[in-house]
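Knowing the structure of chain A, use the given hints to seat chain B on it.
Chains A and B, in that order, give the protein sequences. Positions in the first sequence are counted from 1; adding 1 to them yields my numbering. Positions in the second sequence are counted from 1; adding 1 to them yields my numbering.
Hints in this document: simulated from the structure, not taken from any laboratory. This one's a predicted model, so the numbers in the text were calculated from it and none came from an experiment. Hints may be right or wrong, so weigh each one.
In silico DSS-like cross-links for lysine-lysine, where the CA-CA straight-line distance does not exceed 30 angstroms [unchecked claim]:
1. B:Lys54 - A:Lys180
2. A:Lys121 - B:Lys128
3. B:Lys27 - B:Lys189
4. B:Lys107 - A:Lys99
5. B:Lys106 - A:Lys6
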Amino acid sequence: MDGVKLHAFWASPFSARVIWALKIKGIPFEHIEEDLPNKSALLLQYNPVHKKIPVLVHGPRPVCESMVIVEYLEETWPQHPLLPTDPHKRAVARFWVKFIEDKSPNVWMVYRTVGEEQEKARRDSSEMLSILEEHGPNKGKKFFGGDSINIVDIAFGGVALWMGAMEEVSGCKMFDAAKLPRLNAWIANFKSSPVIAENLPDRGKLCDHLARLREKRLSSSTSK
Amino acid sequence: MADEVILLDFWPSPFGMRARIVLREKGVNFDRREEELLSNKSPLLLETNPVHKKIPTLVHNGNPVCESLIIVQYIDETWGPESPLLPSDPHERARARFWADYVDKKIIPAARTTWGSTGDAQEAAKKEYIEGLKVLEGELGDKAYFGGDRFGYVDVSLIPLYSWFYALETLANFSHEEECPKLVGWAKCCMQRESVAKSLPDQHKVYDFMLEFRKKRQAK
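Next up, chain A with everything else stripped away, as it sits in the complex (with noise of 0.2 angstroms):
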């Protein structure tokens, strides 16, 4: 079998992703940290068109875009399943990989915003989270997976358990633990899967650091 390598960012949530498919799934690969903003010339190379991480590598042949790596890590390594079998019950699981991926940016917009943006983006940010509450899968079980870990875990685990961090810095809540019993427990199993919770940023690290990029951010977006 060829090797991987996946070039992935310490702080992002999206390498985090894919760092707990490979591990959940026992899939050896070598871990190319990416010294952002400084690019490195392979990621370029390999990710041209969004220039960005993850993207992991196997053998020649880079695969972009999280959850689509996911999905490829899925299909190449069937052990540790993160899909059901029934096409009916994956199209559901995608579903919510989907509603994840298409609402969880109001997130990112909490914490990049200030003002009315940031407002509008707690707002959109509070709808996600209620409906998840609501009508994500397995409702009653530990994961959105039933009794283990799934894609949909793992794609709202990179939302979910950067959220606090995000909150902090910006000064902004968005996870009303009173109003989301449901996610509230979800957190708390999903942080304490071994692979998981190995597989974490230092949350002082990651707090520093995005307090950083804030800051340059907002100054830079003020001075123009």
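What follows is chain B alone, placed relative to chain A:
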């Protein structure tokens, strides 16, 4: 037992067109129901797609499937395994998913803003739309279809936009033939397929719809 397949749809929607094309490619008998999206969504739509209340929604033997590309994958996995739309090689499949995602995230939103707006907003959207099409043209290269010599997933994701070409050109003053001739060639080739020709509405009808929509919005 016969399958019951219902497609909740809206005629000018490129997302709806994707589902129509694939059902026809696979020879599946389906009951296409037109939703009055701008006024009255049907109880079946609200029940089967409570989260988004959007079309297309496929209902197969009572089981709903939502989101056009997910519907396309579901149809591909359920019917006609001898003629798959997604390639069998995982890397090629990942590539197909990447490009269909590109159409969804870059091309369609830019196209929508191009026909839906005016002035600077329209110019900016038009620029983004054309740039995106050129990137796709680069990916297509000299191949007959995005996946090679077989009509597939990426072709399905993009071809519905062809029905919007006349409207986009007329409303935003440009020519697809001038900007991306190879892509126009590819589109005409796809239109030779019965599944595609039957599933795309007439370009002038789409233009009339968009004009009407713009007028109504400006009146509000």
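Which numbered hints fail: Those not satisfied: there are none.
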